[in-house]
Amino acid sequence: VKVVFLVNNILVFASSAFLMLCAEWQELCIGRVLLGLSVGLSSSISPLYLAEITPPSLRSVIGNCHRLGIPIGIVASQLLTTPEVSPLATVQLWQYIFLLPICFS
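According to our numbering, the residues represented by the sequence shown are 52 to 156, in order.
No lab work stands behind these hints, which were simulated from the structure alone.
One or more hints might be untrue.
[To be verified] Distance windows between CB atoms, simulated: (1) Pro-106 x Ala-65: 27 to 37 Å; (2) Leu-79 x Arg-110: 36 to 46 Å; (3) Pro-106 x Leu-130: 31 to 41 Å; (4) Ala-127 x Ala-65: 17 to 27 Å.
We treat Cβ as the ideally placed atom computed from N, Cα and C, and that holds for glycine.
Taking the hints into account, I'd like the entire structure generated from these sequences.
This is the structure we're talking about:
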């Protein structure tokens, strides 16, 4: 499982950097597909890893925390791309939003 996480981190880094540096809409589509693959991979592997390392008495709590993190991440990404809330949500700076997945990977 740890090897899959390492491969996934490389995929997140590469796809986010690709999205940040893209100049054409085709490149944006390719970056989105790669980032979508990494999100799908991490959302399927993370619960498995958490179940392996968590004591049996805490598995349900930790599993629910993982499920709660997904909508929190969605709300955070919506806020980061709302011009009234985020200074990065401009035509000139939108690509810098993709630095966040690089920082977290």
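Hints, one by one, checked against the model:
{"no.": "1", "hint": "Pro-106 x Ala-65: 27 to 37 Å", "result": "holds (35 Å)"}
{"no.": "2", "hint": "Leu-79 x Arg-110: 36 to 46 Å", "result": "holds (39 Å)"}
{"no.": "3", "hint": "Pro-106 x Leu-130: 31 to 41 Å", "result": "holds (34 Å)"}
{"no.": "4", "hint": "Ala-127 x Ala-65: 17 to 27 Å", "result": "holds (22 Å)"}
The structure agrees with every numbered hint stated previously.
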